[in-house]
Structures are given as structure tokens and as C-alpha cells.
Amino acid sequence: MNINYLANLSLYIPEIMVIFTLVGLLFIEATYSEEEKGRKLFFGVMTVGLVLALLALVKNLGVPPASIFTNAVIIDPFSTIVKILMVAGTLFTIYLGQQSRDIYSNMKAEFALMAIGVLVGGMLLASANNMLTTYIGVETLSILSYVMATLKKNDDRSSEAGIKYVLYGGVASGMMVFGISHIFGVFGSIQFVEIYPLIKDLSSLQMAILIPSFIFFFVGLGYKIACVPFHMWAPDVYEGSPLPVTTFFAIVPKMAGMAILLRVTMIFFGPENTVMHVSWVGVLQVVAALTMIVGNVSAIAQKSVKRMLAYSSIGQAGFMLLGVVVIDDIGVSAVLFYMITYLFMTLVAFFITSFVADKYGNDHFERFSGLGFRYPLMGVVMAVVMFSLTGVPPFAGFIAKFNIFYAAINQKLYTLVLIGGLTSVISFYFYVKVIRFMFFTPAESEEKIGGFGYINQGLITALAVPVLFLGIFWSGLITKIVHSKLFFVQ
Amino acid sequence: MHGLLNYILWLPILGSLLILLIPKEKVNAIRWFTVAVTTVTFILCCILYVNFDQAVPGIQPFTAVSMPWIKSFNIYYKLGIDGISLPMVWINGLLFLICSFSSFDIKKMHKGYFSLLLMLQGSIFGVFMSLDFFLFYVFWEVMLLPMFFLIGIWGGDNREYAAIKFFLYTFFGSVLMLLAIIALYFAAEGRLGAETFDMVKLMGGHFADLKLSLFGMDLPFDKVFFAMLFVGFAIKVPIFPFHTWLPHAHVQAPTAVSVILAGVLLKMGTYGFLRISYPIFPQAGHYFGDFIAWLGLVNIIYGALCAMAQTDVKKLIAYSSVSHMGFVMLGIAAMTTEGMNGAVLQMFNHGLSTAMMFLLIGILYERSHHRWIVTPEGKKGFGGLYAQMPKYSIIFIIGLFASLGLPGLSGFISEALVFIGVFKPYPTIALLGLIGLVLGAAYLLWMFKRMFFGEIIDSCKEYADVNKREMFYMAPLCFLVIFLGIYPLPILDVMKTSVGKLVIDLAKFAP
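Chains as they are written, first to last, in this note's numbering: chain A, 1 to 490; chain B, 491 to 1001.
No lab work stands behind these hints, which were simulated from the structure alone.
A portion of the hints provided could be inaccurate.
[Stated by the list, open to error] Taking lysine-lysine pairs in the DSS-like style, the calculated list, with each CA pair at most 30 Å apart, reads:
1) A:Lys412 to B:Lys561
2) A:Lys448 to B:Lys598
3) B:Lys655 to A:Lys303
4) B:Lys701 to A:Lys480
5) B:Lys958 to B:Lys939
6) B:Lys701 to B:Lys991
7) B:Lys691 to A:Lys448
8) A:Lys359 to B:Lys514
9) A:Lys359 to B:Lys598
10) B:Lys991 to B:Lys881
11) A:Lys412 to B:Lys691
12) B:Lys561 to A:Lys480
13) A:Lys448 to B:Lys597
14) B:Lys991 to A:Lys448
15) A:Lys412 to B:Lys701
16) B:Lys998 to B:Lys516
17) A:Lys359 to A:Lys303
[To be verified] Just the calculated beta-carbon pair ranges, DEER-fashion:
18) B:Ala684 to A:Asp201: 48 to 56 Å
19) A:Glu444 to B:Ile533: 27 to 35 Å
20) B:Asp647 to A:Asp156: 37 to 45 Å
21) A:Glu444 to B:Ser703: 46 to 54 Å
22) A:Gly361 to B:His860: 22 to 30 Å
23) B:Ala554 to A:Thr479: 19 to 27 Å
24) B:Lys691 to A:Leu132: 50 to 58 Å
For clarity, every value in this text was computed on a predicted model and none was experimentally measured.
All C-beta atoms, glycine included, are put in the ideal place defined by N, C-alpha and C.
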């Protein structure tokens, strides 16, 4: 038994860096708070810290996987890629937070601080390797998220969002820890490594305790990724929160939750554990199907683009779940590829929506009228992203869905794939609504929209390039993902 | 000659990107640039035709292009044409050349329009040339994007609805197709030894006795996926009851887009049957044979009856397309040499005649700004056009009679071949189908009578006859329709070996 608690600590540098950045930012914020100079320093330090963390993560990609803190945390290519996505997502969302009028100017630093705090939780969750780390990750992620939702203090909907989030979150994590305690009761261990050999042969009594316990456990995770039937909070929270916060919620907690769900599923519920496999996969299949259907169908009737994107992110999570249900290496790489494209599509969609909402005060579909002619670049980029979210080639979203379908059909999950396909047809209707207003309807006004300066145009285009590029030249990336062993149990 | 298909495929797409560099004020430069690109493309198509070797039954070796695209998924960039795809490729080249001339009338945003038009041409070429199923699917979908914007931005009053309906229908069908494609890929491992998206390797009925489980039911693999592909292609053809997007799309689309829609896009559906559904699932093809033949008949009669009830002349022609595509389906379902040859020839001939009709309606619309045979208020929309526009009327007559299948014009030969082919396996359907011919003559002649004969109504008195530009792009179509009516061998010869091989391959699996 290895009792060197600090072995392989160098692999943990990215997290340590993010935490140091967080602490440093707290000091800067406390000392300089209101001054312009302090603001510059604050965001400068933040950017440097996160970029360094990103570089450290990229360096980790090449390092052989290992576990740290006596198996509490595992660093493998899968977790590292998810972390890269989350850090990049945080960086861009904080930038959006600076731009957006939805976050009051005296709150911008708080937003950044809390986002980085959530990021720490997300990173912990992505590489959690025992039950307790999982729970701590979920809690770190959640508690700051509750506060983030209420950032727009004097807006009723924002406060409502916070309260809803806290109530749902509290109940869900309570159930989760309840489930974990029973799992611990059966196995006498919280380590994934020690549990998974035991799970292969269980008595029927143990099974009777374990199946409900794991379902309780799943409730906690399911609520983080907002899958049906634990999605009720999502649209209200997404709508009530300021737009950059919504963007953040759609990226970091979702990816972290998906990562841990995938890890738990892969470790415990492989096809070799017949009974547990059948029951867990059964639950996941139903949840995936429901998530795709409810997410996509509910998005049809939305009037606000932000709310539409919120429902759509539920639907997109359903697609990722379809990749989780597969439970093999192809499925893992499909989910990862999906996350990569999802990051870019979501960022671009929310960026453009944020600029439009800042100009007009709301983000109803009508506000997008004629945008395609007034700002052709924005129009084209938004159209590309919307088609990509629908899953139309030659854009990356299609390849992402193709990979998921590919993995699922390989396991003969025809029914789920059929449901997935039909829901993406439905999704076309609401995604195209944005395009319809941008290109088919005359403009409401000729006033300039503030956010569409050269820098932001350049940024949005740069974020959209992968959406185009990965739709055609995905050979390199997918080969890399498919051929590297992503997952490790140690 | 190697790589000729590459040039034909990528030249329009490259052109569509280059157009974006031309300043948008230089409208004429944009127009003539498009004409230049489509002309070169058409010349390349003609070179392709000249080099075609009629004796080769399968894919022409000189056209074959193959290189890996996504290695880990065995996806190839694989192109090639045979006698079935060549007429489609050629007519695609021709119609886009004509359309780039007819699109001079476009009033707004020339740059975007011509760029999308060229993008559309390239992606349609891709559909007819791809031999890799994944590549085929990508082009099949990419084609939707320019079409969607062409209808949605440059269309009529109700264009949003039409564009979205068009996209939704096709997208629904293609999602089912995607499922079939991936399932075939994995099934190929067991049957062919390796997973593949290669259409040619998948052909030959390898998947007859597989099973799959869907919604908890055990179903035969080939029949389920044949049905899924059927829906995908039937929406495009369109086969009743999937046809409802077509009249809207046609009526709302600008003239050139209607021409492409009717002339080439609908053929992608029937081409899918000939290239994919039947060769890959021949057993299921035989199993569903009667059903498809009857649906073809429904198309013929139903399309004709709907056409008869229309007061909008463009909608009338749109429904006549539904009716005429029914003949193609009937010919395919018969699975006889004559029937198949007739079907492929009808695909080509219908492309010519319906393109003529839509262009002519577009020319008229330029002058009248309405298309009512009878206006909603119950007055005559047109009357006595013959006296006012004699040249126009002559061209209209040629197009009209080619459409209704008058002997001596192109439509007759293909319809006759279809009936000869259908008569042996389905005598009842053949007889009932003849009603469709009579109905076709009825609605077309009735329309002609109401619009061209009788008193000139006041609003028609200022219409100018066809101008030189319009004459210039109508002339080749008139010539082809007459020429192929008398001497159809240039097309028949090209396709007969490939079609013959298909018929023989299918006959092996007859129950």
C-alpha cells in the first residue's frame, strides 16, 4: 500500500495553479476593489493564471496516467481533456462577463472569482477517483453556482433562479450523499478501485441495497447535468441568471457532471457485471431518451433565445448521455469529441446572443431580425453554429452526432439512435428560428450594436473556425482521441 | 482524364467562394463570372460525356477517384460515374448554365445569390458522383443549405414557410438514411469481412437474413433499412404522401431555383433508389416491389388530379412534376430492362421539359408579376397570350407537348418505355397509369387554352415577347427536347449497359 500522499504531485500543478490564481485574485479584489488600475491587474492576473493552467494541462496530456492523494484523484487523458475544455470555457465566459451589461460593473470581479471557484470544483470532479472526492466536487461546484445565479441582485427572476437552484441542489446532493453512505455500507470502502472488483459478485441482498443507492447517487449527478427528470430547475435558472452565468452553467458544471457520470459508468457498470450493468444501463437509456425528447421538444415554444439555448443544452446533454450509455472506448471518445464541439458552438451562440441582448435589453427572437444583412459576418457565424447544433454537415456538430450514433449503433442501440435522430430533426425547427429572423426578416433598426467591434468579431470568428474545420478535417483529432487509451482505473 | 470529376465537382464550389471577393456593386461582374464558371463546368461535363465508354457496365475506370478521408472510420473520398449518373451529371451542368443566364433577373443581393447557386451546383454534383456512402450523405445534406437560403431569401411572399418545410422534410428523411448508413457499415463487417462505407462493395444483397431489434421488436434488418432509405429518398422524389413540401417550395422559389429543384433535385431521390436502395437491398426491393409500383401509380393519378385543380400555373407545373416522377417510380418498381431504361430516360427528359416550363413561367412572371390562371377574385389572370407573344407561345407549346408526352418529343419515348416495361409484371397498374396520361394531357391543354387563347385581356396587352437573352437560353432546351424525341440514342446508349447490369443483378434475387 502506497502511503506517500504526495506522490505524483506534479500532475496536480494545473489545479494548484487555478487555486493560487483564485487566492491571489481574492487579495487583489480586497485591496484594490473599485479602482480602474486594480481592475486591469485583476483581469491580467486572472488571464495569466488560467492560461498557465491551460499550458500545464496540455503538458499533462503526454504524461502517463497516475493517481494522486492515495487514489482520491486520478489524472488520465480523459480528465485532462475535460479540464482543458472547462478552463478554456471559463476563460471565455469571464471575458464575456466583462463585456456583458448583464453583469453590473461592480460585480464583474465577483463573477470571475466565483467562476474560478466553480472551475476548481469541476476539475476535482473530472478526475475524482473515490466517492468522497466526487461528493466534495459536486458541492464545491454547486454552492458557488447558487450564488452565481443571483448575481443580478435587483432582478426578481435572478433571485428566483438562485432559490430554485439552491432548493433543487440541496435535495439532490442530500440524496447523493445518502446513496454514497449505503454504497460505503455495503463495500466498506469509498475508493472506486477497491469497489469495482467487489461489484462483480454480489449477493441478492447486497444488490437490493446497491441498486437504489446507485440511483440516489445518480440523482446527484443527473441534476448537475440537467438530465430529465432532474431538469426542472434548468430553464428557470438559465433564464433568470445573467447571460454570462448561463453560458458558464451550460459549459463547466455540465461537462464536469458528464465526466464523472462517464467515469462511474465505465468503472462500475461494464457489461461484465451483468445485473448491475443491466439495471444501470436501463436507467441511463430511459434518461437519455427522455432528455433528448423533453429538451428538444420544450425548446420549440420558447420566445427568448437564451431560454431556447438553455433547453437546447438539455437536449445536447441527452446526446452526450447516449454516448455514455454505450459504455466502451468508442463511446468515451465520441462523448469527448461531442464536448469539444459543444464548447465552441455554445460559446459562439451565447456570445452573439449576449451582444444582441445588451443592445436591445432582451433576447427575444425578433431582436435578431435582419442581423444577417447588417452584420454579415455575425450572421454567417451564427448560422453556421445553429446548423452545427442541429447536426447538419459539413459542420462539426454533425461529426459529433455521427460519432455518438456510430458508437451507439455499434452496440446495437437502434431505438435510442432513432429517437436521437428524430429529436435532432425537431431541434432544427428552433435552431433555424434564429437563422430565419436573421436572414428572412427585414431589420428592425439600423442602429449599431455595441459589442460587434473588430476584436469581438475576430474572437467570435476564431471560435467558429473549429466548428467549420472539425466538420471536414476531423481525421486528425478523432484518430488521436480514438487511439489513445483515455481511461484508467488504478 | 483522371481527376476530371474532381474538377467538375470543385470548380463550382471554388467559384462560389471566389465570388465573395468581387465587390457587391459590380453586379455584372458577378453575373458574368457565374456564367463563366458554369460554362467551363458544362464543357467539362461534355468532355466527360465524350470520353464515356458505353461498353463498360459499372463505374467508368477513367473517372474513378479514391483517397482516404477519415482513416480510422474507413471513410474515403471516392468518386466515379456510370451510365446512370452520367445523364444526371450532364443535365446538372446544362441546367445551371441556363439558370445562370435566367438569374440575371434577380433583383437583390446578387453576390449571395450567385455564390449560393454555385455552391448548390457543386453539392449536387457531389451527390451524383459519390461512391462512398458517408460522402454521399454529406453532399446530400450540404445541398440543403444553399437551397434553404435561396428559397428563404429570394423567394415569394410565403418563402419562410416553404424553406423551412423543405428543409425539415428532407432532414427527416436523411436522418433515417444516416442510421441505415451506420448500421450497414457495421453489418458489412460480418458479411464482407471489413467495415465499409463503400457503396460498390455493399451492393449485391449481402444483408438479407440479418435481424435487428427496434423498440423491443425483432425485425428483419434489410426490410427495415430499405424502408428507412425509402422514406429518405421518397421525400426527395417526392412520392405520395411525402410530397406536400414540393408545391410550396416550387411556388415560393425564384425561377432558377425552381428549375434546379424540379430538373435535378427531385432526381436525386430516384437516383438514390437506383444507386443505393435496390442494389444494396435487392431482396427487400422485390418484397416491396408491388407496394412501390402502386405508390407510383398513386403519384401519377393524384399528382395529375391535383394539377388539374390549381389556379396558380407554377403550382400546376409543380404537381405535374409529382405526376411525372410517378412514372419514374413505376419504371423502377417494374425491374424490367425497358422499365428501368424508361425510368432513367424519364429522369433526364423530365429534367428538360419541366425546366422549360418553369423557365417559361419565370419569363411570363417577369412581365405580369402574378401567376394566376384564374385570380382569387375569379377573373381571368391571362388570356390571348398567343396573339400578344407569338414566339413565347411557340416555345411554350414545345415545352408543353414534351411534358405531356406527345410522340416526336422527348417525353413520349421515356413514358412509352416505362409502360412497355410495366405491362408485363403489372398489367393492371399499366392500364390504370394510362389514365394518368390522359389526365396529364387534360390539365396541360386546359391550362394552355385558358392562358393563350381567347380574347386578349387588358393586363396582357403590354407584355413584350421573349427578348434575345431569354431566346438564347431557351433555344438549347427546345432543340434537345425535339432532338431527343426523334433520336434518343445519345442518352439511351450511354445508360443501357449500366441499367442492363442493374436489372440482371436484381433479377438474381427475384423470389
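Hint check results:
no., hint, verdict
1, A:Lys412 to B:Lys561, "23 Å, holds"
2, A:Lys448 to B:Lys598, "23 Å, holds"
3, B:Lys655 to A:Lys303, "20 Å, holds"
4, B:Lys701 to A:Lys480, "34 Å, violated"
5, B:Lys958 to B:Lys939, "26 Å, holds"
6, B:Lys701 to B:Lys991, "29 Å, holds"
7, B:Lys691 to A:Lys448, "56 Å, violated"
8, A:Lys359 to B:Lys514, "28 Å, holds"
9, A:Lys359 to B:Lys598, "28 Å, holds"
10, B:Lys991 to B:Lys881, "44 Å, violated"
11, A:Lys412 to B:Lys691, "22 Å, holds"
12, B:Lys561 to A:Lys480, "12 Å, holds"
13, A:Lys448 to B:Lys597, "26 Å, holds"
14, B:Lys991 to A:Lys448, "63 Å, violated"
15, A:Lys412 to B:Lys701, "11 Å, holds"
16, B:Lys998 to B:Lys516, "59 Å, violated"
17, A:Lys359 to A:Lys303, "17 Å, holds"
18, B:Ala684 to A:Asp201: 48 to 56 Å, "38 Å, violated"
19, A:Glu444 to B:Ile533: 27 to 35 Å, "47 Å, violated"
20, B:Asp647 to A:Asp156: 37 to 45 Å, "42 Å, holds"
21, A:Glu444 to B:Ser703: 46 to 54 Å, "52 Å, holds"
22, A:Gly361 to B:His860: 22 to 30 Å, "42 Å, violated"
23, B:Ala554 to A:Thr479: 19 to 27 Å, "26 Å, holds"
24, B:Lys691 to A:Leu132: 50 to 58 Å, "53 Å, holds"
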